[in-house]
Amino acid sequence: MSAIQLTDLRFAYGKGPEVLRIPTLQVNAGEKVFLFGPSGSGKTTLLGVLAGVLAGYTGGVEVLGRDVAKMTGTQRDAFRGSHLGYIFQLFNLIPYLSVIENITLPCRLSAERRARLNGVGLEQAAGDAAKRLGIGDLLHKPVTNLSVGQQQRVAAARSLIGTPELIIADEPTSSLDYDHREKFLELLFESCKAAGSTLLFVSHDRSLMHLFDRQLSLPGINKAGT
Amino acid sequence: MLLFSLAYHSLKNRLLTTLLTVFSIGLSIALLIGVENVRVGARESFANTISQTDLIVGARGGSLQLLLYSVFRIGQATNNITYQTYEHWKNHPAVDWTIPYSLGDSHRGFRVVGTNEEFYKHYRFRRDRSITFESGRAPADVFEVALGSDVAKTLNYRTGDKVTITHGVAAAAGRGILDHKDKPFTVTGVLAKTATPVDRSLYIPLEGISAVHIDWTDGAPPMPGEEVPAEKITKQTVKVDQITSFLLRSKSRIDTLRLQREISTYTEEPLQAIIPGLTLQELWRTIGYAEDALTVVTFFVTIVGLLGMLVSLYTSLNERRREMAILRAIGAGPAKIISLLVLESFLLSIAGCVLGVGLVYALSVTFQPIVEEHFGLYVPIQAPTITGWIYLGAVAVAGLLIGFIPAWKAYRNTLSDGLSVRL
Numbered sequence: 001m002s003a004i005q006l007t008d009l010r011f012a013y014g015k016g017p018e019v020l021r022i023p024t025l026q027v028n029a030g031e032k033v034f035l036f037g038p039s040g041s042g043k044t045t046l047l048g049v050l051a052g053v054l055a056g057y058t059g060g061v062e063v064l065g066r067d068v069a070k071m072t073g074t075q076r077d078a079f080r081g082s083h084l085g086y087i088f089q090l091f092n093l094i095p096y097l098s099v100i101e102n103i104t105l106p107c108r109l110s111a112e113r114r115a116r117l118n119g120v121g122l123e124q125a126a127g128d129a130a131k132r133l134g135i136g137d138l139l140h141k142p143v144t145n146l147s148v149g150q151q152q153r154v155a156a157a158r159s160l161i162g163t164p165e166l167i168i169a170d171e172p173t174s175s176l177d178y179d180h181r182e183k184f185l186e187l188l189f190e191s192c193k194a195a196g197s198t199l200l201f202v203s204h205d206r207s208l209m210h211l212f213d214r215q216l217s218l219p220g221i222n223k224a225g226t
Numbered sequence: 001m002l003l004f005s006l007a008y009h010s011l012k013n014r015l016l017t018t019l020l021t022v023f024s025i026g027l028s029i030a031l032l033i034g035v036e037n038v039r040v041g042a043r044e045s046f047a048n049t050i051s052q053t054d055l056i057v058g059a060r061g062g063s064l065q066l067l068l069y070s071v072f073r074i075g076q077a078t079n080n081i082t083y084q085t086y087e088h089w090k091n092h093p094a095v096d097w098t099i100p101y102s103l104g105d106s107h108r109g110f111r112v113v114g115t116n117e118e119f120y121k122h123y124r125f126r127r128d129r130s131i132t133f134e135s136g137r138a139p140a141d142v143f144e145v146a147l148g149s150d151v152a153k154t155l156n157y158r159t160g161d162k163v164t165i166t167h168g169v170a171a172a173a174g175r176g177i178l179d180h181k182d183k184p185f186t187v188t189g190v191l192a193k194t195a196t197p198v199d200r201s202l203y204i205p206l207e208g209i210s211a212v213h214i215d216w217t218d219g220a221p222p223m224p225g226e227e228v229p230a231e232k233i234t235k236q237t238v239k240v241d242q243i244t245s246f247l248l249r250s251k252s253r254i255d256t257l258r259l260q261r262e263i264s265t266y267t268e269e270p271l272q273a274i275i276p277g278l279t280l281q282e283l284w285r286t287i288g289y290a291e292d293a294l295t296v297v298t299f300f301v302t303i304v305g306l307l308g309m310l311v312s313l314y315t316s317l318n319e320r321r322r323e324m325a326i327l328r329a330i331g332a333g334p335a336k337i338i339s340l341l342v343l344e345s346f347l348l349s350i351a352g353c354v355l356g357v358g359l360v361y362a363l364s365v366t367f368q369p370i371v372e373e374h375f376g377l378y379v380p381i382q383a384p385t386i387t388g389w390i391y392l393g394a395v396a397v398a399g400l401l402i403g404f405i406p407a408w409k410a411y412r413n414t415l416s417d418g419l420s421v422r423l
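Chains as they are written, first to last, in my numbering: chain R, 1 to 226; chain Z, 1 to 423.
No lab work stands behind these hints, which were simulated from the structure alone.
Bear in mind that the values here come from a model prediction, so they are computed numbers and not experimental data.
Beta carbons are placed, not taken as given, at the ideal position from N, Cα and C, and that holds for glycine.
Some hints could be false.
Quick partial rundown of chain Z residues pointing at chain R, CB under 8 Å, derived from the structure [unchecked claim]:
#1 Ala7
#2 Ser10
#3 Lys12
#4 Asn13
#5 Leu16
#6 Ala329
#7 Ile330
Not close to chain Z: a few residues of chain R, all C-beta gaps over 12 Å, as computed [stated by the list, open to error]:
#8 Arg21
#9 Gly30
#10 Val53
#11 Gly121
#12 His204
#13 Leu211
#14 Asp213
With these hints in hand, go ahead and build the complete structure from the sequences.
Shown next, in the form of structure tokens:
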């Protein structure tokens, strides 16, 4: 089964110029895919479509075998909540919640996501995820006290709790220095492997691309504007 | 529950803004409820300017006029009633007690009231308060006078001072042309403050009123040399032949209406009897528009308080765009975002309501005795009235509704931001 299957996707903001025109894109389940491209090549837009936040496109968008294009807004929100993990470039965390509260947030928001814990307690699951990412001792700290690297790990732990099938990471390492990048990726890979999650990793930093199963150039697959 | 926890933590995170907002709503609520309580208190206190008096009886005329001169010492009676008539009703089997008033003279702008010991014994105000003396005793002899507390304070009189009474009611102090100079009164006591019109009068025996006029003929003072010297006048030699009005307490409340009709149809002399409570209410209605004005003002204050909340929530939205994007990313739909902000606004207004009610109680408990003593205003300490609850409910609902404005803005933001990073 493929984790992502795009067929003839076309997207434009309102009546603006076409931003995405992707004849075909396939990501297999369990794959670690590195998607790269310069700024303005439509990376964030593509992620918005895949995560089900952007609508108003034509073509087929299948994520985890589900036809996202045919879902209503509410269904997409629920789908994202229970099956996807998302990591931002920066400022991933709700500032007024502690580390553990941030990590458990998806499971508290979505009953379906919580059910995916398979009976493991919420705190236990959060603790496990945090431990795997090397932040097990920070659980009860306020997130405002963490370094950027620690914050990104908390974000990774949050995206991984409840073992969602697809992790989308939007330049999560761009604010980290080289050593921390590799370490972060290593931990992220381990966690994805343990959870059996597919990873779609977006970056413009190609020094990392050799670590992935497959590398995709967005300008190569996006025919918009050509 | 999650939304509740998020809203709570988010508000706690912006503690200063939250406290200021709650405080401003709390203050407006306190004002709203406080004014309502004062309104009720003012109406009650006004209605209780005189208590336990079932009827006020005087010569036939306007009922409001009778109330004004008998209770508030405003205006004048057009006619007196004879003492025989008074005695007739005083001895009526249905009558418990009466207090006679003889009005018409003054002292430096304050009214002089001729009355008797019944006044000190039976007069009641604010439900069950009776007349007490701050110093001295009630006047017993003809030329003795007790002062209301305002009179004593304003004119700086003490027990033992001599007071000259002026014929008629002079508008300003010292303007009386016809002073009863030959017959001064000795102050025997000062009444304790009642915060009612009682404080603004001087009280002399009924015989005193007769005594100062004893040598008058046809409303004119005696020729010089023809005055009857005060030393020759005693309580026994003076005859009281008329009074202005009297207060009446019937033995049973059921008798009041029957007694009122009986007095109004008395054939010996044209009389009227009014029920003070009813006439006071009538009077209150005519001056009560002031309380409506007060209510309108407090409503606007409350609106300002709620607008303050709107401003604080609205301005916080920009710095919270990230937070909204994160919530969207983990699966929160627009409905959740809207609910979160509406809930925050609702929590703020509820907290404001609680604080406001608390403030009102704290202030009432602290200041009730002081206000009562100085203004004669008894503000009840009680659970919010029905009107109070309606106000509280209205503010809570208004807070909820106002929450939709920032919520809608946040919703628009999340639609345009999606998951993109906006800082």
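Evaluated hints:
no.: 1; hint: Ala7; in the structure: violated, 10 Å
no.: 2; hint: Ser10; in the structure: holds, 6 Å
no.: 3; hint: Lys12; in the structure: holds, 7 Å
no.: 4; hint: Asn13; in the structure: holds, 3 Å
no.: 5; hint: Leu16; in the structure: violated, 14 Å
no.: 6; hint: Ala329; in the structure: holds, 4 Å
no.: 7; hint: Ile330; in the structure: holds, 4 Å
no.: 8; hint: Arg21; in the structure: holds, 19 Å
no.: 9; hint: Gly30; in the structure: holds, 22 Å
no.: 10; hint: Val53; in the structure: violated, 4 Å
no.: 11; hint: Gly121; in the structure: holds, 17 Å
no.: 12; hint: His204; in the structure: holds, 14 Å
no.: 13; hint: Leu211; in the structure: holds, 24 Å
no.: 14; hint: Asp213; in the structure: holds, 24 Å
The structure shown violates the earlier hints numbered 1, 5 and 10.
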